[in-house]
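Chemist: Put the two chains together into one complex, using the hints given.
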Amino acid sequence: MLEAAVAGLIAAVQWPAVGYLFLGIALGIYFGAVPGLSGLTGMAILLPFTFGMDPVSAFSFLLGMYAVTTTSDSITAILIGVPAGAAAQATVLDGYPMAKRGEAARAFGAAFTCSAIGGVLGGLFMGLSIPIVQPLVLSFAKPEFFMLGLLGLCMVGSLSGRSVLKGMTVAGLGLLMSQVGYAEQIAIPRYWMNTTYLLDGLPLVPVVLGLFSLPELVSLAVSNRSISDVPREKISGGSGIWLGVKDCFIHWWLLLRSAVIGMYIGILPALGPTIADWVAYGHAVQSAKDKSQFGKGDVRGVIAPETANNSVKGGDLVPTVAFGIPGSAGMAILLGAFLIQGLTPGPEMLTTKLHITFSMMWTLIFANIIGAALLMAWTNQLQKIIFVPANLILPGITFFVLIGAWTAGNNIGDWITLIVFGVIGLVMKKAGWPRAPLILGFILGRIMENSLHISMAAYGMSWIFRPICIAIAIGIVVTLAYAVRSHMKMRTDKSTVDVTDAESADTKLSLGFAVAVCLVLAYAIVASFAWPPTVRLFPLAFSTPAIILAAFAVFFDWRSIRLAGVGGTAAAAGTFGLGSLSQEWRRTFHFFAWLLGVIGVTMLFGQHVALPVFIALYLMVWGKYRWPLALGYAAAGLVVLVVLFDYMSPTIWYPALLLP
Amino acid sequence: MTRKMLIAAGLVALVAAIPGPAMSQFYKGKTVTMIINYPAGGPTDIEGRIIAQHLASHIPGKPTVIVKNMGGAGGMIGSNYLGEIAKPDGETFGFFTWNPVAELLGDPGMRVRFSDFTLLAGVENPVVVYMRKDTPPGINAATDIMKTKEFKALSLDSHNTNTIQQALSLDILGVKFKAVTGYRGLKEVETAILQNEGQLANSSLPGWRASIEPTMAKQGIVLPLWQVAPPGKGGTHPRSVAVPELPTFEEFYGMLNGGKKPSGIAYEAMRSAIDAQTAVFRTFFMPPKANKEAVTIMRAAINDLWKNKQFISDYAKVVKSDPVLVSGEDGEQIMTGLAKVKPEIKTFLRDYGNQLVKK
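Protein chains in written order, with our numbering: chain A, 1393 to 2052; chain B, 4 to 362.
If we strip away everything but chain B, and leave its shape as in the complex, we get (with noise of 0.2 Å):
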C-alpha cells in the first residue's frame, strides 16, 4: 500500500514538474518586453542583456525576449512605465536597479511604489567602499582612515542609497568628510576619483570588479576598505561570498572598537536603506497585479536560467563573480520589510539627506 502511495505520489509530483499543456503554451508564440531603468551601456543595460539572451530559451514556449531601455530621472522612467502603462499580462517585465530610499521617503516622481511591484528575483550585490592611498597622510591600510583629518566623499544624488549608506558609516565611524553629492552616475564618480577631486567613494560589486579594480586598485591608485554585505540569517551581515577578501562594514568598526558592533539610529538607518538593496541590488519585475500563470512560468524559467552554465559564465565575465540569485518568494519579504521601518527612522533619513546638502 505504502509502495503503491509513494509511487502514486512520485507520479503526481513528476505530472506537476512537467510543464503542462496550457503552461508551454502561454508564452508560445509571443514577444516578453524587458524593460531597463537605466541607459544602454551601464552595468544594469549589461546584465539585463545578458539575462535577455538565454532567457528566452527557458521559458516554456520560447517567445521572443527584447530589450528596450527606460532611463531617466534615477530608474523612474522605467518604473513608472512598468507600474501605469505596461499591461499586466506577462508580456512585459523590468529588470531594474532599484531606490530603497526613494520607496522609504517617497518621492514626487514616483508613480508606483516598488513594493506594488509583482517580483519574480533578485541579484544580490555587496557594495565596495574604495579610498585613494595618496590621501594625507597615506592610506596603506584601511584603518589608516581614521588618521585622515579630512577628505571628500563623492556619490550620487543626497537622497540616494548611495549617498545616505556612505556618509552614515563614515558618520558611525567618527571621521572627518565632506560630503560632495550630485554625480550623475557611479563611472563619473569613479573618474572623479581617478583625478583626485574626492578622495573616498563606492561602487557596486561589478564596477569595483570590472573597472575600479583592475585599472586603479591594481595600479595602487586606491584601496578598498569594507564591504557592505547584503543581510544573512538572523539579522547578521555575513562577507559576501563575491568578495570574501574584504571584511564587511561591522567587522571594520570591530576591529577599531574592540570587538563591539555598531549600534545606535544612525547604523538602524543605515542598515534599513541598504539591506534592502544589496539583497535584491537587481530585480525582476512584473507590473502590479501581474498574471498569475506568468508570474510562475517567469519565476522557474529564472531559477532555471541560474541552472545554465553558459549563461553563468557569461554573466561572470561580466562582473568577475557567479551571480547570486534571490527567489521572488524571498525577495518579496524583504520588500514588505521596507514597509515596517519605523516612522522616527524614516524621518532621520529625509532629515539627514537634506542636511548632506548644506554640509
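Pulled out of the complex, with its shape left as it was, chain A reads as follows (with noise of 0.2 Å):
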C-alpha cells in the first residue's frame, strides 16, 4: 500500500499531470467563484477534455478544479451574502454579516484555512480509509437514509433560536415545498399548478438565492450604505487574514468533528456538499456554550460549513472510486471520465490500479493547499468590495443572483421562484421567522420521503430494528434531550439571541406571516386528499403536525399583540407594520418592481438587453450616477453574459418575443 502511495504521489507531480492540476485549480477557482457556475458545472464542462489524456492527467484535471471550487465559493457567500454554490449556502448565516462588520478579511482567512484543512483531512481520509470502508457504505441503505433524515431535521432546533416553534412550523414548510412535483413512488404530481416548470419541483439554487440574498439586496437598496458598517480606515486587512486562520486553529476542536461530519456525509451515496455544509452549521450552533453571535457573525458560523463542504469530497470519492456508486452529483460525472479512461471502479482500483486511486487523494490535498494559498494572497485585494457604495456595487450583485438564478434551469420560472421566494425571505426576516429551517426541510423532504417509501416496500415494518436504524434512533432521542435542555437555559438566559432576526421581529407581520403559513398547510392537506394514500400519506404526515404548530404561533403572535396594546412595542409597530406603508417599503416594493422589469423587458428583448440596460437604468435612477459610468458598467455586464456565459458556459437564454 505505501509503494502504492508512493507511486500515486510521482504519478501526481509528473508532467504533464502536474500542468493540468494547476490549470484545473485555475478553472476551479473561476468555477467556484461566479454564481451560476459551479463545480457540477465545471465537471460536465471539463468532462470531454479528458477525452485524450493519460488517466493521472485527467482525475488531476477534473479533481483539481472539483477540490477547489468549494473553497473560492465562498468569496461571494461572505462578500455580497450571495452563495455562489448551494455548498456555500450556510456560510451566508456569519459570513456576511462578518463582512458588513468589517471583518472580511478575517472570515477569508478562516474559510480559506479551514477549506484547505478540510480538504487535507478529506484526501487522506480517502486514501486510508478505500480499502476497509465496504461494510459501512454497504450498510447504509434506505432505512439508515430515512433515519438520517429524520436526525438531521432535529438540528431544526439549534437552528431556531428562540422560536423553535416558529422553526418547526417553517422545517413543515420547507418539508411541503419538497413536495411540489412529481411524486417519489408514483408519476402523480403534486401541487404543481399545472405548471410543467413545478414537475420536477422546487429548484434549491433560487429558492436560496431568493430566501437569503434577496432581502439583503433590498435592504442595502433601501439603506445605500457600503457593505461594510465599519468605514474602511478602521479595517487592517493584513492582520484580519491571520486572525481568520488562527481563528481556525482556536477552535480546532470544532474544525476537526466539522471535517469528520464532511466526511462521514461523503461516504453515503448520493449526499453531497449542500447537505454537509447545513449539518455542520447545525451542529457548530448546537454544540456551542454561546450561541448568542451565531447569525451575527461567529467565526465558527464560517469554519464548520467550509470545513465540511471541503472534507466531504474526500469522503464522496470513496463509494465512487470502491463500488461505482457516486457519493454526489460532481461523483457521477466523474465516474464518466472513469469510462473515457476505461477504467472500472471497484476492486480494480484498490489493487492492479491502486496507484491512480492514490494519485487522486495526492490530487486533493495539493489542490486544497494550493488553491487556499492563492486565494489567500488575493484577499486583501477582494475585500475591498465591501466598501463600494450599494447603489454601485448593487446592479453588478443583482445580476450575478440573476444569472446565478437562471442557470439552475434555463427558465424564466426560476426568476420568478427567486422573486416569489425573495418575499417570503423579506417578509420572514423582518417577522422574525428563522429562514434556514426551511431549507433543511426542503432539502430533507425528498430524501425521507423515498426513503421511507422505498424502506416500507421492501421491508415492511422490520426496517425499524436494524441495528444503525436503532443507533440513529438513539442518536435523534439524545439530539432531542439536548436541545430541550439548551431551549430551558436559553429561555432563562435573555442574552441569547440568534440566527432568527428574533430582536426587530414585526409582530403584526409575523401574525400575518403565521396565518399564510397556516392558510397554505390547510391547502396542502386538502388537496393531497386526491391522491392514492400512498402518494399523500407523507404530506399529510408532517402538514398535519406543522398546521398546530403554525396555529400555535398564531396564538402565541395575537396574544403579544393584545399585551402590547393597540399600539403595540416599538418591534409590534415597527417601521415595516402592515399598517403603515413606510418610506422603506416603498423602496422595497419599488425594487422588486425593478427586478419585475427585468423580467418583462428579458421576454420581449432577451437577457442581452434586459441586464445591461437594467445595469445602465439603476445606476442612473436609482444611483444618480452619470451616464458615461453607467454604459461602461452595462457593457462590462454585457461583455461577462457573453464571455463567461455565452463562450465558457453555453447557456440557453430566454428566447426573446421580439428579437431573433
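The set of hints was computed from the structure by calculation and includes no laboratory data. Check the hints yourself; a few may be wrong.
[What the hints assert, rightly or not] List time: in silico BS3-like cross-link candidates among lysine-lysine, alpha-carbon distance up to 27 Å:
{"hint": "1", "chain 1": "A", "residue 1": "Lys1745", "chain 2": "B", "residue 2": "Lys320"}
{"hint": "2", "chain 1": "B", "residue 1": "Lys71", "chain 2": "B", "residue 2": "Lys264"}
{"hint": "3", "chain 1": "A", "residue 1": "Lys1638", "chain 2": "A", "residue 2": "Lys1776"}
{"hint": "4", "chain 1": "B", "residue 1": "Lys65", "chain 2": "B", "residue 2": "Lys264"}
{"hint": "5", "chain 1": "A", "residue 1": "Lys1745", "chain 2": "B", "residue 2": "Lys323"}
{"hint": "6", "chain 1": "B", "residue 1": "Lys264", "chain 2": "B", "residue 2": "Lys236"}
{"hint": "7", "chain 1": "A", "residue 1": "Lys1745", "chain 2": "B", "residue 2": "Lys221"}
{"hint": "8", "chain 1": "B", "residue 1": "Lys323", "chain 2": "B", "residue 2": "Lys310"}
{"hint": "9", "chain 1": "B", "residue 1": "Lys221", "chain 2": "B", "residue 2": "Lys152"}
In this text the structure is predicted, and so the values were computed from the model without any measurement.
Modeler: Take a look at the structure:
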C-alpha cells in the first residue's frame, strides 16, 4: 500500500499531470467563485477534454478543479451574501454579517484555511479508508437514510434560536415545498399548479438565493450604504486574515468534528456538499456553549460549513472509486471520466490501479492547499468590494443573483421562483421567522420520503429494528433531549439570541405570516386527499402537525400584540408594520418592481438586452450616477454575459419575443 | 446511347451526393445546441457528449455543437423544452432517452408527444435482467429463478417502461416476487442490489457492460438471466449483437416451457412497451415541423458519423460494444407503431402500473 501511495505521489507530480492540476485549480477557482457556475458545471464542461489524456492527468485536471470550487464559492457568500454554489449556503449566515462588520478579511482567512485543512483531511481519509470502508457503505440502505434525514431534521431546534415553535413550523413548510412535483413512488404530480416547470420540484438555488440574498439586496438598495458598516480606515486587511487563520486553530476541535461530518456525509451515496454544510453549521450551533453571536457574524459559523464542504469531497470519492456508487452529483460526472479512461471503479482501483486511486488522494491534498494559498493572496483585493457604495455595487450583485438563479434550469420560472422566495425571505426576516429550518426541511424532504417509501416496500415495518436504525434513533433521542435542555437554558438567559433576527421582529407581520402559513398548510392537506394513499401519506404526515404548530404561532403572536396594547411595542409597530406604508416599504416595492421589469424586458428582448439595460438604468435612476459610468458598467455586464456565459459555459437564454 | 445515359445518370447521382453550396452553407457559422434530457454524468449525458464532440466535423459548414443538460421529471423537462420553446430552425436538437409507456398512456406533464418530434436517428439497445446469486435457494444458472420462493424486484417508478417490462416478464414466467418501485435512477437500483435491498433488477446495455458486469457479475455477486432484445424482422426478437452470449426472454421462456413462445395480453403489453424502447433507446429528435433542409443534413451527418472509426472507438470504450444506429426513417416507423397499440393494451398497462404500487 505504501508503495502504491508513493507511486501515486510520483504520478501526480509528474508532467503533464501536474500542469493539468494547476490548470484545474485555476478553472476551479473561477467555476466556484462565479455565481451560477459551480463545480458541477465545471465537471460537465471539462469532462470531454479528458478524452486524450492519460488517467492520472485526467483525474488531476477534474479533481483539481472540483476540489477548490467549495473554497472559492465562499468569496461571494462572505462579501455580498450570495452563495456562489449550493455548498456555500450556510456560510452566508455568519460570513456575510462578518463582512458587514468590516471583518471580511478575517472571514476569508478562516474560510480558506479551514477549507484547505478540511480538504486535506478529506483527501487523507479517502486514501486510507478505501480498502476498509466496504461494510460501512453497504450497510447504509434506504432505512438508514430515512433515519439520517430524521436526525438532520432535529437540527431544526438549533437553527431556530429562541423561536423553536416557528422553526418547527417552517421546517414543516420546507418539507411541504419538497413535495412539489412528481411523487416519489408513482408519477402523480403534486402541488404543481398545472405548470410544467414545477413538475420536477422547486429548484434549490433560486429558492436559496431568494430567501437569503434578495432580502440583503433590498436592504442595501433601501439604505444605500456600503456592505461594511465600519469605515475602511478602521480595517486592517493583513491582520484580519491572520486573525481568521488563528481562529481555525483556536476552534480546532470544531474544525475536526466538522471535517468528520463532511467525510461521513460524503461516504453516504448521493449526499453531497449541500447537505454537509448545513449539518456542520447546525452542529456548530448546537454544540456551542455561547450561541449569542451565531447569525450575527460568529466565525465558528464560517469554520464549520467551510471545513465540511471541502472534506466531504474526500468522502465522496470513497464509494465512487470503491464501488462505482457516486457519493454526490459531481462524482456521478467523475464516473464518466472512469468510463472514458477505460477504468472500472471497484476492486481494480484497489489492486492493480491502486496508484491511480492514490494519485487522486494527492490531487485533492495539493489542490486544496494551493487553491487556498492563491485565494489568501488575493484577500486584500477581494475585500475592497465591501466598502463600495451600495448603489454602485448593487446592479452587479443583482446581475449575478439573476444569472445564478437562471442557470439552475434556464427557465423564466427560475426568476419567478427567485422573486417569490425573495418576498417570502424578506417577510420572514422582518417578522423574525428563522429561514434556515425552511431550507433544511426542503433539502431533506425528498430524501426522507423516497427512503421511507422504499423501506416500507422492501422491508415492511421490520426496517425499524435494523441495528444502525436503532443506533440513529438513540442519537435522535439524545439530540432532542439536548435541544430541549438548551432551549430551557436559553429561555432563562436573555442575552442568548441567534440566527432568527428575532430582536427586530415585527409582531404584526409575524402574525400575518403565521396566518399565511396556516392557509398554505390547510390547502396542502385538502389537496392531498385527491391522491392515492401512498402519495398523500408523507405530505399529510408532516402538514398536520405543522398546521397545529402554525396555529400556536398565530395565537402567541396575537396574544403579544394584545398585551402590547393597540399601538404595540416599538418592535410590533415597527417601520415595517402592516398598517403604515413606510418609506422603506415603498422603496422595497420599488426594487421588486425593477426585478419584474427585468423579467418583462427579457421576455420581449432577451437577457442580452434586459440585464445591461437594468444595470445602466439602475445606476442612472436609482444611484444618480452619470451616463458614461452607467454605459461602461452595462457594457461590462454584456461582456460577462457573452464571454463567461455564451462562450465559456454555453447557456440557453430566454427566446425573446421581439428579437431573433 | 445506354453508355451516355449511364454516364449522365452517374453525374446526376454524383451531383446529388455532393452537398451543394446551399447545403454546405446552411450550418456555416451557426451554433447547434444539443439538449440532453437527463442530468450531466448519467449514461445519456456521457453518450451525448461523445456524439457532440465528433458530430460537428460531419455537418457541412462545421457549426459549433454545444451540449445543454435539461434533466428532470423523468426526462420531460428537456422534451417539453424541445417541443414547446426551441425553434424548429434546425439549430436545436435533442439527444434523449425516452419513455414509451408515458407516450402510450399519456402523462399530465407531457406537453409534446415523442411521436410529434422529427426523429433524426436512434441507437438500439437491449436490456439485461440480472439477479443476485445468493437469492435463496441459490442462483447458479438462470433457470434457478424458478426455484425461488419470493424475492424483491427493484425498478424506477411504477409507470416507467423499465418497471412495467420487468414486472410483466416475471409474471409471465410465473415466479413470485415483490415489486419495489420508486428508485430515481438505474445507478440507485444497482446500489440497492449491491446492498441486497432487492435481488433482481434490469439495466441498459451501457449500465450492464460498463458497471454491473465488472463490479458485480465478475465478483460473483449477480448473474445475468436474460436479455430483452430489440425487435427484429417479422415480429422476431433475435439476440442483440451487443450481448450475443445471453438468451433472449423468448428463448428463456422456451427453455422452461418446451420451446413454446410466450403469448397472451401480458406478453403483448410487455412487448408494446419495450419494443419501441429497445429499438431506439437513445433518440436524436428535432422539434416538430423542423426545417426540412436541416433534417436532411443532420440525418446525413449522423449516418456519416457512424462511419467515423475514432467516434465508434470512443463510444465503444464507454458502452463496451459498438453502437447500432437506427436511421430516422426506420425509427419513425417504430414511433408511429405506438399509435397503433390497441386500447385494451393501454388499459391493461395502466391498470397493471396502478396495481404494482398497491402490491
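Chemist: Decide, hint by hint, whether the structure agrees.
Modeler: Checked hints:
no.: 1; hint: Lys1745(A) <-> Lys320(B); in the structure: holds, 18 Å
no.: 2; hint: Lys71(B) <-> Lys264(B); in the structure: violated, 44 Å
no.: 3; hint: Lys1638(A) <-> Lys1776(A); in the structure: holds, 22 Å
no.: 4; hint: Lys65(B) <-> Lys264(B); in the structure: violated, 50 Å
no.: 5; hint: Lys1745(A) <-> Lys323(B); in the structure: holds, 19 Å
no.: 6; hint: Lys264(B) <-> Lys236(B); in the structure: holds, 16 Å
no.: 7; hint: Lys1745(A) <-> Lys221(B); in the structure: holds, 17 Å
no.: 8; hint: Lys323(B) <-> Lys310(B); in the structure: holds, 18 Å
no.: 9; hint: Lys221(B) <-> Lys152(B); in the structure: holds, 26 Å
Checked against the numbered hints above, the structure breaks hints 2 and 4 and satisfies the rest.
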